[in-house]
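Participant: Residue strings, one per chain:
Number of protein chains: 2
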Amino acid sequence: MNALDIDSEMNLVNNEIELVLKSKDEKMQEILDWVVSTKGKQLRPKMMLWTYHYQDIKVDDQILKYAAAIEIVHIASLVHDDVIDDGKVRRGKESVQSKYGKKMAVYAGDYMIFSLFESLYSIADENYSFIIESLNDVCYGELSQNANLYNLDISKDEYIKNIYGKTAVAFEVACKAGAVGAKLKAEEISAFSNYGKNFGILFQVRDDLLDLQNNSSEKTGFIDFAEGIYTLPIIIVANNAEAKETLRLLSNDLKNGESTLKQTQKNLINVLCKYEWKKVFFNIVDEYYEDAKKSLCYLQECDTVTYFKNILDKIKKDIYEYTEGITNM
Amino acid sequence: MNALDIDSEMNLVNNEIELVLKSKDEKMQEILDWVVSTKGKQLRPKMMLWTYHYQDIKVDDQILKYAAAIEIVHIASLVHDDVIDDGKVRRGKESVQSKYGKKMAVYAGDYMIFSLFESLYSIADENYSFIIESLNDVCYGELSQNANLYNLDISKDEYIKNIYGKTAVAFEVACKAGAVGAKLKAEEISAFSNYGKNFGILFQVRDDLLDLQNNSSEKTGFIDFAEGIYTLPIIIVANNAEAKETLRLLSNDLKNGESTLKQTQKNLINVLCKYEWKKVFFNIVDEYYEDAKKSLCYLQECDTVTYFKNILDKIKKDIYEYTEGITNM
Chain A
1195 MNALDIDSEM NLVNNEIELV LKSKDEKMQE ILDWVVSTKG KQLRPKMMLW
1245 TYHYQDIKVD DQILKYAAAI EIVHIASLVH DDVIDDGKVR RGKESVQSKY
1295 GKKMAVYAGD YMIFSLFESL YSIADENYSF IIESLNDVCY GELSQNANLY
1345 NLDISKDEYI KNIYGKTAVA FEVACKAGAV GAKLKAEEIS AFSNYGKNFG
1395 ILFQVRDDLL DLQNNSSEKT GFIDFAEGIY TLPIIIVANN AEAKETLRLL
1445 SNDLKNGEST LKQTQKNLIN VLCKYEWKKV FFNIVDEYYE DAKKSLCYLQ
1495 ECDTVTYFKN ILDKIKKDIY EYTEGITNM
Chain B
1195 MNALDIDSEM NLVNNEIELV LKSKDEKMQE ILDWVVSTKG KQLRPKMMLW
1245 TYHYQDIKVD DQILKYAAAI EIVHIASLVH DDVIDDGKVR RGKESVQSKY
1295 GKKMAVYAGD YMIFSLFESL YSIADENYSF IIESLNDVCY GELSQNANLY
1345 NLDISKDEYI KNIYGKTAVA FEVACKAGAV GAKLKAEEIS AFSNYGKNFG
1395 ILFQVRDDLL DLQNNSSEKT GFIDFAEGIY TLPIIIVANN AEAKETLRLL
1445 SNDLKNGEST LKQTQKNLIN VLCKYEWKKV FFNIVDEYYE DAKKSLCYLQ
1495 ECDTVTYFKN ILDKIKKDIY EYTEGITNM
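Heads up: the sequence lines are chains A and B, in that order.
Each residue of the first sequence is one higher than the one before, starting from 1195 at the first, in our numbering.
Each residue of the second sequence is one higher than the one before, starting from 1195 at the first, in our numbering.
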């Protein structure tokens, strides 16, 4: 199994996604087509397929349906997230809520969830029930983050718990589903799941850095701090009482309109630099990187493991580079 | 099986609903408790149980789970409807979106849907797959209504199609599920389904009248016309070209702020009276009433059939009374 084979299987997954996201209502179909027409990196189903092909077996209908399902849950949650955050742009295109209105965006998200259930119900298999059970964890991550808005006392562990639910659980489930589908041994399933979880955490840590940097093409940038979502760099620095006070003032000034977003971003980065967050940050990143890598050691060398090593190294490299790029402004 | 037995089984259904709507997140649990604390009439699960007990069999876990599921879908859709319509009051209490914010209301609806699916996935049974397949019809009804806003050319058949998806399909599914669960004969299943469908249509027709009357305790009243949702009385009258023109003017004046809601309501009712809608209206109501009643004729006399006859007669009586109460203002 090589990258080209996975790409051709991803075409089958995308066919399945289109098959599931059908509606007899013209307007709804237009929205579904709009959402599906711009694909993201589709990492979750891709990682599921790579895990599945750890063994030399052929892809079957069931695994394709689950791979499609995990991507559809992701897409539906983005559509509802944009309703909640009033997001105008998604994957470089106008968001559903902006283009078709909030009403249609709420229905479209619901419709996608119902459609994927219909698809999964027809092949329900208790071995896969963990996928369904994980769906509420995804909600839980957002809720838990929500409960900690503007909380400078949030601990690193609470932050990790939030991003686990918000992001990492989906990667964990994707890897586990591939492993379960391929009927791997219990310790292999657990190794892949653990890899997925740690990879997912680093994935979100990188995403959070991009927001801080404000050069992401996905978002308009520097949204998290303004919305009271304090990410790892800030949590590290807030460990210092003096720095915490400064951060609180920055946040208040922004809320009260006494400082612009641009000015706040500059000041924030200066605070981060002053209190030397990078060493602690790299230690935490290394911890999750090593944990993910250790999981791969339980597995035999093969294309799947090479792929997982490569994307893990890439994400670590990105995090290091983005971090180094954050300097006094 | 009598009404008291059904009530005690409804307690089991409500226990099941509470069991499904559990969250480890405190805030989410508070919202779920808030939603569940005020029960509506719970007609859908109740009708499912009555149908199930057409035969002398004991209730089992499966039927209780499906009865809970059909009520949860209903509750979740109300929570999302309030997000869409900015509804402040639901069942005489503050709505979720008003009390906890739109963000939490979107998540809460999603959470309920995921939770019920988790519950159903564990007992997936292809005999019940029609329930899952019907979920998108519920969405479709709302969409179809949405596509016909401010459309005075909408036909009676299109109106019926809309309210079928929006309301009647849930009653049809509830009755069918009870019949399938009790392993009734094909023609009995079809009789109960058909009863549910026709009952559901009359249920929505009555609800629409209440909105016109503006004495509903559920809603603030007279919302439909203002939002461009034209219900059966209006569709009947709009069949007359002159009346249609008057209705168009009424609608425009309201939209432009040239007439108040109160004044529009008064004028609208005068238009309805002038063009003698009641006879046509009663004919249509009678048609669905007779269709529902005919279904019951295929079935043996028993407590279930008596119950269904009674609620059908009650709804027809309500419709007639409410209609007679609509007179020149």
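Just so you know, the hints here were simulated from the structure itself, not pulled from any lab data.
Hints may contain errors.
Copies of the same chain look alike in the list, so a pair counts if it fits in one copy or across any two.
[What the hints assert, rightly or not] Calculated cross-link-like contacts (lysine-lysine; reagent style BS3-like; alpha-carbon spacing at most 27 Å):
1) K1233 - K1488
2) K1221 - K1297
3) K1355 - K1296
4) K1216 - K1487
5) K1297 - K1350
6) K1259 - K1449
7) K1355 - K1216
8) K1511 - K1216
9) K1221 - K1296
10) K1449 - K1216
11) K1218 - K1487
12) K1282 - K1488
13) K1233 - K1282
14) K1293 - K1282
15) K1473 - K1293
16) K1252 - K1473
17) K1221 - K1350
18) K1379 - K1511
19) K1297 - K1511
20) K1297 - K1233
21) K1449 - K1297
22) K1503 - K1438
23) K1379 - K1473
24) K1221 - K1449
25) K1296 - K1379
26) K1297 - K1460
27) K1511 - K1221
28) K1379 - K1449
29) K1218 - K1438
Participant: Each hint: holds or not?
Facilitator: Here is how each hint holds up against the structure:
no. : hint          : verdict
1   : K1233 - K1488 : neither (31 Å within a copy, 52 Å between copies)
2   : K1221 - K1297 : both (12 Å within a copy, 25 Å between copies)
3   : K1355 - K1296 : between (30 Å within a copy, 24 Å between copies)
4   : K1216 - K1487 : neither (40 Å within a copy, 36 Å between copies)
5   : K1297 - K1350 : between (37 Å within a copy, 25 Å between copies)
6   : K1259 - K1449 : neither (45 Å within a copy, 47 Å between copies)
7   : K1355 - K1216 : between (35 Å within a copy, 19 Å between copies)
8   : K1511 - K1216 : neither (40 Å within a copy, 41 Å between copies)
9   : K1221 - K1296 : both (14 Å within a copy, 24 Å between copies)
10  : K1449 - K1216 : neither (43 Å within a copy, 35 Å between copies)
11  : K1218 - K1487 : neither (47 Å within a copy, 31 Å between copies)
12  : K1282 - K1488 : neither (40 Å within a copy, 53 Å between copies)
13  : K1233 - K1282 : within (17 Å within a copy, 37 Å between copies)
14  : K1293 - K1282 : both (8 Å within a copy, 26 Å between copies)
15  : K1473 - K1293 : neither (44 Å within a copy, 43 Å between copies)
16  : K1252 - K1473 : neither (45 Å within a copy, 66 Å between copies)
17  : K1221 - K1350 : between (44 Å within a copy, 21 Å between copies)
18  : K1379 - K1511 : neither (31 Å within a copy, 65 Å between copies)
19  : K1297 - K1511 : neither (41 Å within a copy, 35 Å between copies)
20  : K1297 - K1233 : both (23 Å within a copy, 26 Å between copies)
21  : K1449 - K1297 : between (29 Å within a copy, 20 Å between copies)
22  : K1503 - K1438 : neither (37 Å within a copy, 69 Å between copies)
23  : K1379 - K1473 : neither (38 Å within a copy, 72 Å between copies)
24  : K1221 - K1449 : between (39 Å within a copy, 25 Å between copies)
25  : K1296 - K1379 : neither (46 Å within a copy, 44 Å between copies)
26  : K1297 - K1460 : neither (38 Å within a copy, 30 Å between copies)
27  : K1511 - K1221 : neither (43 Å within a copy, 38 Å between copies)
28  : K1379 - K1449 : neither (53 Å within a copy, 66 Å between copies)
29  : K1218 - K1438 : neither (54 Å within a copy, 30 Å between copies)
Checked against the numbered hints listed earlier, the structure breaks hints 1, 4, 6, 8, 10, 11, 12, 15, 16, 18, 19, 22, 23, 25, 26, 27, 28 and 29; every other hint is satisfied.
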